[in-house]
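Could you slot chain X onto chain S? The hints should help.
There are 2 protein chains.
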Amino acid sequence: MKAIILVIDGLADRPVKALNYKTPLEASDRNNLNALAKKGITGILDPISPGIRAGSDTSHLAILGYDPFKVYTGRGPFEASGMGIEITGGDVAFRCNFATVDNNLIVKDRRAGRIENTEELEKAITEQVKLEVDYEFKSLKYRAALVLKGKGLSCEVSDIDPHESGVKVKKPEALKKEAEKTAEILWDFSIKAHRVLKEYPINKDRKLPANFLLARGAGITPELRSFKEKYNLNAACIATTAIIKGITKLAGFDIIEAEADYSARISQAIDALNTRDIVLINIKEADEAGHDNKPEEKIRVIEKLDRSMDRLLEFVIENYLVVLPDHSTPCGVGEHTGDTVPVLIAGPEVRSDSVERFDERSTTLGGLGRIRAKHIMPIILDLINKSHKFGA
Amino acid sequence: MKAIILVIDGLADRPVKALNYKTPLEASDRNNLNALAKKGITGILDPISPGIRAGSDTSHLAILGYDPFKVYTGRGPFEASGMGIEITGGDVAFRCNFATVDNNLIVKDRRAGRIENTEELEKAITEQVKLEVDYEFKSLKYRAALVLKGKGLSCEVSDIDPHESGVKVKKPEALKKEAEKTAEILWDFSIKAHRVLKEYPINKDRKLPANFLLARGAGITPELRSFKEKYNLNAACIATTAIIKGITKLAGFDIIEAEADYSARISQAIDALNTRDIVLINIKEADEAGHDNKPEEKIRVIEKLDRSMDRLLEFVIENYLVVLPDHSTPCGVGEHTGDTVPVLIAGPEVRSDSVERFDERSTTLGGLGRIRAKHIMPIILDLINKSHKFGA
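Residue numbers (my numbering), protein chains in the order written: chain S, 6 to 397; chain X, 6 to 397.
The shape of chain S in the complex, shown without the other chains:
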């Protein structure tokens, strides 16, 4: 028996006035999701605990059975890993944006006009910037990641990114005494990179030159026990965002380059299970619709995904499927909230309940009751018969 975890990022929502107080999920045509809810067992789930607003990073860690309170210090390492940097336990990593600053280091645009091609800039930096520790730097469009390697580093440094334009970049501060060296190295990198970037030819032609790197989300790389070691499972991930790729890569997953089309991704997952035990699929677009306050767009994403799910109905005859959002991103809030999310588990031996619809409210009456993200992996291991008995 195999398992698929389908994470519909930011899917869950709150009642929307324009939808006659339905949520986008409730308002959507979702025959396949409802059919799976009808076949399966459902419930509601707290990504962390009631009321706590989870990030995609902390929630995915919890879904995979890692305790975010122990392994999560910041987004940097997961983002860096997802961008393809080989990072190991103890490395300190940051997310960065290519940004535009003026001569006084006032931020003009936090994304340098969403610059598309940063390969040359990345190369110039890695060739010309020398630091007192080893480092790796990679970029993908306007986004980048910086990893500092060596002893005596700490993630307790504040963001350089002021998180708004019109204000000066912030010199990083050591939030704890032991982080002073790291704060100095980070600033050294930023100033040296700035010197390289502002003189770089392609920047001379840009109205919004990519002349500064705004670092944020400092984190120390945790040593995650791999899925193979932790659960004896071969795992793969199909996702489009760096953070999800990064988390699963650190957990020893194979990363499969996602097809654009949702049904193609589901076929990728089913194919991947020929040689693996479990696949996590992350669908990002519902979250983006939530952040953009667009309930109609969220409905569109849900309906598109739902129409792509035909093969999963066949899949669950002999295998297990878990469907859940990693958190709520209500369109009325435009941010993650601490509401519960609906969850369904379908497969040959689940105790199917009376719930016939997959949405935030119908699943409150489901057979799972109210569980937490950290319970998902033990439940899957149990269903696919890979559990160990506690006791005799």
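Take these hints with a grain of salt, some might be off.
Treat identical chains as interchangeable: a pair holds within one or across any two.
No farther apart than 30 Å at their CA atoms in a straight line, the calculated lysine-lysine pairs in the DSSO-like style are these [said to hold, decoys possible]:
| hint | residue 1 | residue 2 |
| --- | --- | --- |
| 1 | LYS43 | LYS175 |
| 2 | LYS186 | LYS44 |
| 3 | LYS394 | LYS22 |
| 4 | LYS75 | LYS182 |
| 5 | LYS379 | LYS394 |
| 6 | LYS22 | LYS128 |
| 7 | LYS7 | LYS22 |
| 8 | LYS156 | LYS175 |
| 9 | LYS394 | LYS181 |
| 10 | LYS143 | LYS394 |
| 11 | LYS181 | LYS75 |
| 12 | LYS43 | LYS299 |
| 13 | LYS143 | LYS212 |
| 14 | LYS235 | LYS379 |
| 15 | LYS197 | LYS156 |
| 16 | LYS176 | LYS394 |
| 17 | LYS394 | LYS173 |
| 18 | LYS299 | LYS391 |
| 19 | LYS233 | LYS182 |
| 20 | LYS143 | LYS233 |
| 21 | LYS75 | LYS379 |
| 22 | LYS391 | LYS235 |
| 23 | LYS197 | LYS154 |
| 24 | LYS135 | LYS22 |
| 25 | LYS289 | LYS27 |
| 26 | LYS186 | LYS128 |
If you are wondering where the hints come from, they were derived from the structure by calculation, not from laboratory data.
This is chain X only, laid out in the frame that chain S set:
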């Protein structure tokens, strides 16, 4: 967005035979509570954890987000704070009753005939009793609080109060070695106060002279992070009992002197929110009816409160309201029990569920499922958009 927490003390109950096996809440006319349940999301809640009998003190601490297992050692400090004594972290405090004892220190009446006027007695004690540490003593009718201040004090001392009449007062014992000094000082206080009281003129005329102070509920004052510091919320409390005032005062709440009339109290709360973010209202009388084994009286209290709640239905159009008892006080038991309590949350963006009645059993099908008192503050912070995201 603002929030009101309406705690209906001891409201929850068990089926009562005389009410045809309904609970007092189920048997009451409660149009407003039901309307709020219909608009809102409901559920059941364990004040501490399933089956545990909570005090009003430990439950309110949990509702406010303080861990009673960490901050609660006894009722003394909260009672002392509520009676107006300025206490600080480390002070050891006791609740006391003015009582009547005979010449052999046998308790004749634990409340000295519920003596009303104890101001003179309080004054005589504070003027004449000298101890080896600083102390403060205050009274309100037959009740009083004693606070010992200084180093090397401990709350690990047994009660002087034998909790029944006809038996001798108990010399306090040190429950741990480090409490020996405190036990001695407490007994020194009690004997010296007894000498002052038994000679005091007004006592000579009383059939039940207030000639002894029965101390109990020793506790060490915790250093609670204030609501402002912990949540960045300005808070106020409207309550009639010292213990609730004391807890909220220690949590940095403004204490508003409660009007007798319930609808006046609700108006006080709404007015207080002009300059504050959150108000806790405690309604005590349902608990008293439970302790007195009076289901009909409990129904009367519920119906009186319900008729006073009109303004709250308007309030929840743009703000959030949480209604819950702090614990069950079943009339058939006459004491707090470990049953769950019903909870409702109403406000503009809650996922309203199909529950249309506010009572112990209807809310078991609510959208919140079964939560705990400690989840209330994270849920409120999330709804009023004062949450911090864990992760990114």
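Structure-based check of all given hints:
1. LYS43 <-> LYS175: neither (53 Å within a copy, 49 Å between copies)
2. LYS186 <-> LYS44: This pair counts as neither: shortest intra-copy Cα distance 57 Å, inter-copy 55 Å.
3. LYS394 <-> LYS22: between (48 Å within a copy, 25 Å between copies)
4. LYS75 <-> LYS182: both (21 Å within a copy, 29 Å between copies)
5. LYS379 <-> LYS394: both (18 Å within a copy, 18 Å between copies)
6. LYS22 <-> LYS128: Neither: 49 Å inside a copy, 62 Å across copies.
7. LYS7 <-> LYS22: between (41 Å within a copy, 20 Å between copies)
8. LYS156 <-> LYS175: within (25 Å within a copy, 45 Å between copies)
9. LYS394 <-> LYS181: between (43 Å within a copy, 22 Å between copies)
10. LYS143 <-> LYS394: between (44 Å within a copy, 27 Å between copies)
11. LYS181 <-> LYS75: Both, since 18 Å and 26 Å are each at most 30 Å.
12. LYS43 <-> LYS299: both (28 Å within a copy, 28 Å between copies)
13. LYS143 <-> LYS212: within (23 Å within a copy, 73 Å between copies)
14. LYS235 <-> LYS379: both (14 Å within a copy, 26 Å between copies)
15. LYS197 <-> LYS156: This pair counts as within: shortest intra-copy Cα distance 22 Å, inter-copy 56 Å.
16. LYS176 <-> LYS394: Between copies only: 24 Å across, 52 Å inside.
17. LYS394 <-> LYS173: Cα proximity of LYS394 and LYS173: across copies only (25 Å, versus 57 Å in one copy).
18. LYS299 <-> LYS391: between (41 Å within a copy, 22 Å between copies)
19. LYS233 <-> LYS182: between (38 Å within a copy, 27 Å between copies)
20. LYS143 <-> LYS233: Within one copy only: 28 Å inside a chain, 42 Å across chains, cut-off 30 Å.
21. LYS75 <-> LYS379: Intra 13 Å, inter 21 Å, cutoff 30 Å: intra and inter.
22. LYS391 <-> LYS235: Answer is within; shortest intra-copy Cα gap is 11 Å, inter-copy 37 Å.
23. LYS197 <-> LYS154: This pair counts as within: shortest intra-copy Cα distance 18 Å, inter-copy 58 Å.
24. LYS135 <-> LYS22: Neither: 55 Å inside a chain and 67 Å across chains, both beyond 30 Å.
25. LYS289 <-> LYS27: within (22 Å within a copy, 38 Å between copies)
26. LYS186 <-> LYS128: within (25 Å within a copy, 62 Å between copies)
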